[in-house]
Every structure is written in structure tokens, then in C-alpha cells.
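> Going down the list, the protein sequences come from chains A and B.
First residue of the first sequence? That's 3 in this note's numbering, and the numbers climb one at a time after it.
First residue of the second sequence? That's 33 in this note's numbering, and the numbers climb one at a time after it.
There could be a bad hint or two in this list.
[Claimed, not checked] Partial chain A-side listing against chain B, Cβ under 7 Å, derived:
{"hint": "1", "residue": "86"}
{"hint": "2", "residue": "179"}
{"hint": "3", "residue": "263"}
{"hint": "4", "residue": "473"}
[What the hints assert, rightly or not] Under the rule of at most 27 Å between Cα atoms (straight-line distance), these lysine-lysine pairs were calculated in the DSS-like manner:
{"hint": "5", "chain 1": "A", "residue 1": "9", "chain 2": "A", "residue 2": "127"}
{"hint": "6", "chain 1": "A", "residue 1": "89", "chain 2": "A", "residue 2": "133"}
{"hint": "7", "chain 1": "B", "residue 1": "358", "chain 2": "A", "residue 2": "484"}
{"hint": "8", "chain 1": "A", "residue 1": "190", "chain 2": "B", "residue 2": "358"}
{"hint": "9", "chain 1": "B", "residue 1": "290", "chain 2": "A", "residue 2": "491"}
{"hint": "10", "chain 1": "A", "residue 1": "236", "chain 2": "A", "residue 2": "127"}
{"hint": "11", "chain 1": "A", "residue 1": "207", "chain 2": "A", "residue 2": "230"}
{"hint": "12", "chain 1": "A", "residue 1": "230", "chain 2": "A", "residue 2": "190"}
{"hint": "13", "chain 1": "A", "residue 1": "394", "chain 2": "A", "residue 2": "466"}
{"hint": "14", "chain 1": "A", "residue 1": "207", "chain 2": "A", "residue 2": "190"}
{"hint": "15", "chain 1": "A", "residue 1": "491", "chain 2": "A", "residue 2": "9"}
{"hint": "16", "chain 1": "B", "residue 1": "358", "chain 2": "A", "residue 2": "207"}
These aren't lab readings, by the way, just hints derived from the structure by calculation.
All C-beta atoms, glycine included, are put in the ideal place defined by N, C-alpha and C.
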Amino acid sequence: MNQTLEKSIFEYSQPGRGAFAQHPPVADGAAVLDTLPPALRRRTPPRLPEVSELDAVRHFTRLSQLNFSIDTNFYPLGSCTMKYNPKACNQYAMLPEFLARHPLAPDTQGQGFLSCMFELQEMLKEVTGMKAVSLNPMAGAHGEFAGVAMIRAYHRARGDLARNEIIVPEAAHGTNPATATMCGCVVKEIPVDAQGDVDLEALAKAVGPNTAGIMLTNPSTLGVFERKIEAVAKLVHGAGGLLYYDGANLNAILGKVRPGDMGFDVIHMNLHKTFSTPHGGGGPGAGAVGVSARLEPFLPVPVVGREGEGYRWLSEADRPQSIGRLSAFMGNAGVLLRAYVYMRMLGREGMSRVGEHATLNANYLMARLRTAGFDLAYPTRRASHEFIITMKRQARELNVTAMDVAKRLLDYGFHAPTTYFPLLVPECLLIEPTETESRETLDAFVESMVAILGEAQTDAARLKGAPYTMPVRRLDDVRAAKQLELTWKPVNSAA
Amino acid sequence: MPFIPHTAADVQHMLHTIGADSIDALFDEIPESLRIQGLEGIPPGLSEMEIGRLMSERASLDGRPLSFLGAGAYEHHIPSAVWAITTRGEFYSAYTPYQAEASQGTLQLIHEYQTMITSLTGMEVSNASLYDGGSAVAEAALMAVRAHRRSRSLRLLIPSTVNPSYRRVVQSTAGNQGVRFETVPYLRESGCIDPVALEGYAGEDITALVIQQPNFFGQLEDVDRLTDWAHAQGMLVIAVVNPTSLAVLKPPGEWGAKGADICVGEGQPLGVPLSSGGPYFGFMTTRMEYVRSMPGRIVGRTVDLEGRPGYTLTLQAREQHIRRGKATSNICTNQGLLMTAATIYMTLVGPTGLARVAERCTAQTAALVAALAQVKGVRVAFAGSRFHEAVVLLERPVADVLRRLESQGILGGVDLAADYPELGPALLVCATETKTTADLQRFVDSLRRVLEAA
């Protein structure tokens, strides 16, 4: 990793400089702008950098070198499934015809693209056990929105207007309650028991005539499989509610068990997790949704249909009960193509091996860290594709926190696990190795964790001050929020 | 086993360490009744060579027609460096920059993006992207409801000159929270918001007015007057803009006496390929006073332990992972990689290059419209100024004309029949800087032949 800070692109800027090969020729009718009313014209140019092409290439390449990434580092970020993003997926999604295709081009000018989308829908149905799929939502939270909106639409269509409560376990992703609110629902949180399973008694008390549904992740965010899932489904369905499956942890069970078979009515899949499309430093994702037969009429449009040998978009006219459109066009098409390439490369055998080896790696890492002296949050349970260690004891005895361990790991060349999520486990590190990591990498991670534990016992201050080898030391988040510097300003005018 | 490194010996060693007999034993907490034995519906796996051939065949089916389609997605030249750098693994395969010390590249780039897009839109603060233009308008509507200090009506005005697709997304997204949208008609002469119809809302409690500039028809609205009117009525103003146009058109921050309050739009024109509709990115900027009502991630500049400058995600108390059910939005994953591409694009074209792109788009569209107006059976729908799109009226059903053009390798525009039936046979055409004079001539000649043949 490059450790040299890179100055702002604006500090390279010089009036009159530019990447002139990127300027289109002067238009013949450029004077046409003079006919625009002066009141509608821009008076001063925007402050964009004026740099040469090489300046730009060097600057952004250097910036990239200030990042950890899957391509450069082990990235065991729990709940995020940071597996290898195969290069072929990117290359074949970026074929010139795919890139050039306008979203409003007729179906006749997109049979290749549409056939990929149709087959992707079919494959996602198969791996999830759902009856129908829409590829529209552009991220996990967007898929959640579609799912809860469909649950509401389903109840409304039946005249069951009182059902506006969404139940979520306390360990749920923050997006679950936020989504329920965005859909105009009321959130009811229920506890989990000491073994990490949903508290059935609490659930039985929570359900009733106002229950719209429950949102569950299985395996849960605690890194364990929800063993009482059939009882949960029975309780919620019995009360007239529907079951929503948050697909964040689908990687753990790929090819082993399917949400549709567990009784879920609606599911979103994070294609950027399970199906290995890139995280891109924050996106784009793709949050395809799958539903049981009774929710199919409500799927967001468009979806791809097959007629004879051809494919076409089905829209509002074909699906009058649809919850509607969630994007201007059809969602993150290019991401969906990457997922399609990935699934075709894996095939049926490869797909089952994903769940198996993701689980093998997690259980191996868990066993080794436990032997090395770390405390597990759920020591009697199998790991799913991830598991939680808690630094509660070290925090009390040595005054080092989970965050200190996370920051020190960066110095050892490993991205930190997820910290302080789920909130109900104190001082937790949620660790997800994924199936694409080798035993040697996992062993090296364990060695680093052991070394850090040693430092915690002999020189806790070393951890408190970490990291030391990154481009910056720990940052002042309080100052960032108090003295808001949200755009670059020349040094002499900075506060 | 594609992408899985384990040898048989690795698996045995690892199972031994775990104390399990088989991989299958690791799944023994899953009820037996739920387990499946395979995925027969998935085809067998393909090697990279095989998938390469398959995808090339599929791509060739899509063809490469000469396209005059716009309506929210625009064909522009994309410098080679944009995607060469954007797809570097360090950007492509990184996660959201929660571990700031190991993500300074992404964080600084977002901060540079925020600087560029706020300047382009004339606003003070920006987030790090939303899903796309449509969802950005929906988020802006919800934000306006939160940010408005007095309005309790949950009513917004969305003129029919706003992209119909955006209006549908806004309805499906914000409608669930009880927000209501009322449509304001346009004038048949100008294709712009009808000021008399708008005046009918004077004195009512309305949260915000949405103004798209250039509007869906490509026409330029009188944004100063509309903004001042809305502010005088106590409404917030949500600007929906095309970023390319802002190189030459007045930025929303300067509309009227006070400027727009929230500015959103589709970022695709800034270096993002058309790609059948996504991934694109939505941008959102606003005034500092509303920053805490803004959804999405925001990057701030700060200092580290040694006082050196550094970047970090800030104001996270607005977001779902902290605030849960009370967050400003449920958005988590955004469109970071597309924002990355746009930042590199804006850097490469710079202020003069972007203005040159905008000028050439305007000029090519003006030339196209002038030539089409000479074709018998074609009329220009609206008078007044426009950017790089225009509506032309035909005397025959547009769908049939478009099919005939398609058979000649031309996508002649977007049929407005479904969304604007009152216009009769109407076609929305767009010419950007990528169209040469010869391209325009080919379109005009083909259209003339199609119309004469009827």
C-alpha cells in the first residue's frame, strides 16, 4: 500500500491546462448558445480541475493505492461477503454492445441482453426456491424496500388494511427497521435467546391482527443458523403475516437449503455479496427480489418475459398490481450481467461448493481463534459463513477494545472484521472469511490475531495508537462532524 | 472448483482442526427436512473460454444501431482513462470506506467529487451518490418533507414536464409514506410549465415544487421566475438537472433570488455507459442548512492523531446503521463506482471540455431539429429555447415509423404516445456530441423516405 498522502486534484489545477484530446471539436453551430436567454446562462464556469490527462491518471491511480481492496488484501468483513470478484465477470459485462445499448432501445435490439436477464431470473429462482424474481432493485436496502412494499400491497389488495407492523429481531441490519419506516410501517423489535435463536415467546406475543410481516436474516447476523425457522414461519403465517428473508447471508447456505423451502414469502438477494459482483467502494450493488406465488402480481416492473423464442420486458400493462417502478429504467443492468457470468461459470456444482467452503473456512477460523484464546459469542454453535468473537473480557482486563484490535489488524495487512455489529454482543468482531480464501491466508490471519493479543497483554498502548502503517493515523471523527469541511478549499482559506 | 483454492488435503486438515467428520456435518444445525441435495435447475459450469464465447454471441445479438434516444440516458464520449482507472481492483473491489485509515483513496475521491458536483450545481454540500436520477428525485421529495419547517401537508407539485419515469419512481417510493404528488400541466406552445395553472396553487400549504431543467421535452423552463414564485408561497424548490447542461446553463444554486433548495439528477452523462439503464448514479446537493436532512453517505475532511489531513465518513447519525428506524433513508450501498467514474470524467474534460460538450450537444440538436422541420409531415412541437432534446410531431403513428427506421439501423427517438397522448403522434429526439453531420443527414434522409413511402 502506498503510504504517501496525495494532494487534492485541485492543487494540480492550472488555468489553461487540460486533457485536450477529450474535448469534442468546436461545433459548427456553436453560436446557437448565443440565442439562449442570458438569464438562463451560466455566468461563471464550474470549479472543475484543469489538468493534463497524465496528471489525472497519476492522481487517481495514486488515490487507488491508498485503499485496501479484495484484490490486495484479505478482507474478512462480516456480513459483507468480500469474496474474489472474477475478472471475467467485469470483462464480459463490458462488451461494447452491452455498454452502448440504450435503456429505451426496443426489445428487438436487445435479445442478447434480455436472454441473459431472463436466465438470471430463472437461476435465482432455482437457488432460492422462490416462484418469481424481479431484478429491479439496485441494492440490498432497495430490495428490502421492494419486499416490504409488496407485503403491504398484498395485505391492502385483500382489504386487510390494519396490517402495518413489521417485526424485526434486535440483531437485524439497520436497513431492516429503516426500510419498514420508509414503507410507512411501524417497527417492533423482538429479542433473541442466549443461543442466538429468535425468542419464540416474545414473537408469539408480538404477532397479531396488525402484523404485516417479519424480516429475518438466516443465518442471522449473529453468525448462526436460525434453528426454529419452521416454528417462526408457523407463528407468523398463523397470525396472517408474511415472512421476509434478508439475503445478506445467502452465501452461507447456497446449494444447501433454500429460503423458499423454509417458508419465506419474499426475499432479496445481494448479488454484490453472494454472486460476487464488486462492492466498488460503496456500490453499485444489485438487490434482486424473489417471491412466492401469492406475491408475484406485486413484483416491481419491469421483469423479463419469454414469448416463443424471444424475450420482452413486462411492464405495468402486464402487471397491473405491481408496486411500480423503483428506478428510471431497469435497475443495475451491468451488475446483473456480472452476476449472470459468475453464476454460469460456477454452474450447479460450483454453486453448492460456495456454501460448503464458505462455511468450512468460517468454522476453521473460529476453531483456531478459540484455541488461540479468543472468546466466541456463541461457543456452543456452529459458525455459518461467519462468526462473532467478543473482546468483552479483554476490554475489562486489559482496556483494549474491539476497535483497537480492528485498527491494529490494518498494520498486519488485513482489513478489519466488522466491528460493533450486531450491537447486542459487546465489543464484537464479526468475521467472514468467504470461500475464496486459502488455508494459508486464514492461518496468517490467526497468527496476526495471536500477535495482537500478545501486544494487548504486554503493551496495550501499542493497540490504542494503531494503525501506524496506513497513510493516516486514527482520524478525528468528532472534529469531522463539528467543523464540517465537505468540499475542498484552498489552504489559505481553510478554517 | 472455480475460485475456491482448497485442495483435498486442506479440507481434511481443516475438518480435523474443527473436529468434524465432513463438510456436511457443518450444516447439522439445519433441520434435515429443509436440506436440498443439489441445484439441478442450474446449468453445468463453464470455463472462462466458454463463457467468453457465449457472452460475445449474446452481445452481437444486441447490434449497434445509430441512436437518437435520450429521455434521461445520454450517449456521450467516455475518455479511455475513465474506466481504465475505475476498474482498478483497488477501487473496484473495495468496500464502503468504514475503515477510514485503509480507505483514504476512496474517501478523498468522494470528497473531490463532492467539491466538483457542488460547484457544478451551485450548491454547498453533496452526498456520495444515490441509486439513479429517478430514485434521487424520490429521496429529494422525502427530504423536502423532513426539511420544511412549517409545511405539514405532505403535498408536492410535480409538473408534467418532469420525466414521467421519475414521476412513477417518486410515486412508488414516497407514496408509501403518505406523500401526495399533484401534476401541473404544460403549455402547448412552449412545452413549459403552465404558469396560470401553477398560480392556482397560490396560498396553499405545499411542501415543494419540482422543476426539471432542461425539462423532459428538452425545453428550458423559466427557472428564476418559478423559483421565486415557489419561495414566495413558502415552498421549497427541488431542481432536477442534467449535469452536462450545467456547463452552460445557470446552476440551481443561482435560480431566482435565493436559489433552489435541493438539487438532484441523473449522473450517467458524466462518463457512465448507457448499459441498458444501469448502473448509473443519482447526485444530490443542497444548502448547508439542510445537510442533516440529507440521505446517504457524506465525506468530511479532518485531521489524524498527528494533525495530518485525512478524510472520513461524517454525520453518520443520519444513517440507517446508527439511527435504524429513524434514519433519513434506508440507503446503505450506493453507486460508488459510478461516482468514481464521474469524478475522473469531470477531471479529464475540465470546465472548458464540459462546456464544449454541452455546446456541441446543443448545436447538433438544433441542426437536427432544423433539418427535420424541412421534412414533409414533420413539425417541431414547441417554440422556445432547448438544450439537447426536442419533440417533433408526425402525422402517422410513431411506433410504425420507428419500426421502419429500426429496419434501417436507426433508433429514431422515444415515442411519447403513452405518456403524452394529447400531443398526437410525437417523437422525442436527441443528438449529443457523438453525432456527426453525416449521422444527422442519414437520420433525416431515412425519415423522409419512411414518411414518403407511406
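> All hints are to be evaluated individually against the structure, with a verdict given for each.
Do the hints match the structure? See the list:
At a threshold of 7 Å, the smallest CB-CB gap from residue 86(A) to chain B is about 5 Å, leaving the interface hint in force. About 4 Å separates the beta-carbon of residue 179(A) from the nearest beta-carbon of chain B, less than 7 Å, and the hint is met. Checking residue 263(A) against chain B by beta carbon gives a least distance of about 5 Å; that is within 7 Å, so the hint holds. For the restraint placing residue 473(A) at the interface with chain B, the shortest Cβ-Cβ distance is roughly 5 Å, inside the 7 Å limit, so the hint holds.
Among the hinted pairs, residue 9(A) with residue 127(A) is inconsistent with the structure: their alpha-carbon atoms are about 48 Å apart, more than 27 Å. Between residue 89(A) and residue 133(A) the alpha-carbon distance is near 31 Å, which puts this suggested pair outside the 27 Å criterion. Using a Cα cut-off of 27 Å, the hinted pair residue 358(B) and residue 484(A) holds, with the two alpha carbons roughly 21 Å apart. Only pairs whose Cα atoms come within 27 Å are accepted, and residue 190(A) paired with residue 358(B) is accepted, the gap being roughly 13 Å.
Only pairs whose Cα atoms come within 27 Å are accepted, and residue 290(B) paired with residue 491(A) is accepted, the gap being roughly 23 Å. Pair hint residue 236(A) plus residue 127(A) holds up; C-alpha atoms about 23 Å apart against a cutoff of 27 Å. Distance check on the hinted pair: residue 207(A) and residue 230(A) sit about 16 Å apart at the alpha-carbon level, within 27 Å; holds. Under the criterion of a C-alpha separation no larger than 27 Å, the hint pairing residue 230(A) with residue 190(A) is consistent with the structure, at around 19 Å.
In summary, the hint linking residue 394(A) to residue 466(A) is supported, as the alpha carbons are separated by about 16 Å, within the 27 Å threshold. Of the supplied pair hints, the one linking residue 207(A) and residue 190(A) holds, its CA atoms being roughly 11 Å apart against a limit of 27 Å. Pair hint residue 491(A) plus residue 9(A) holds up; C-alpha atoms about 12 Å apart against a cutoff of 27 Å. As the CA atoms of residue 358(B) and residue 207(A) are separated by approximately 24 Å, the hinted pair is consistent with the 27 Å bound.
Violated hints for the displayed structure, listed by number in ascending order: 5, 6.
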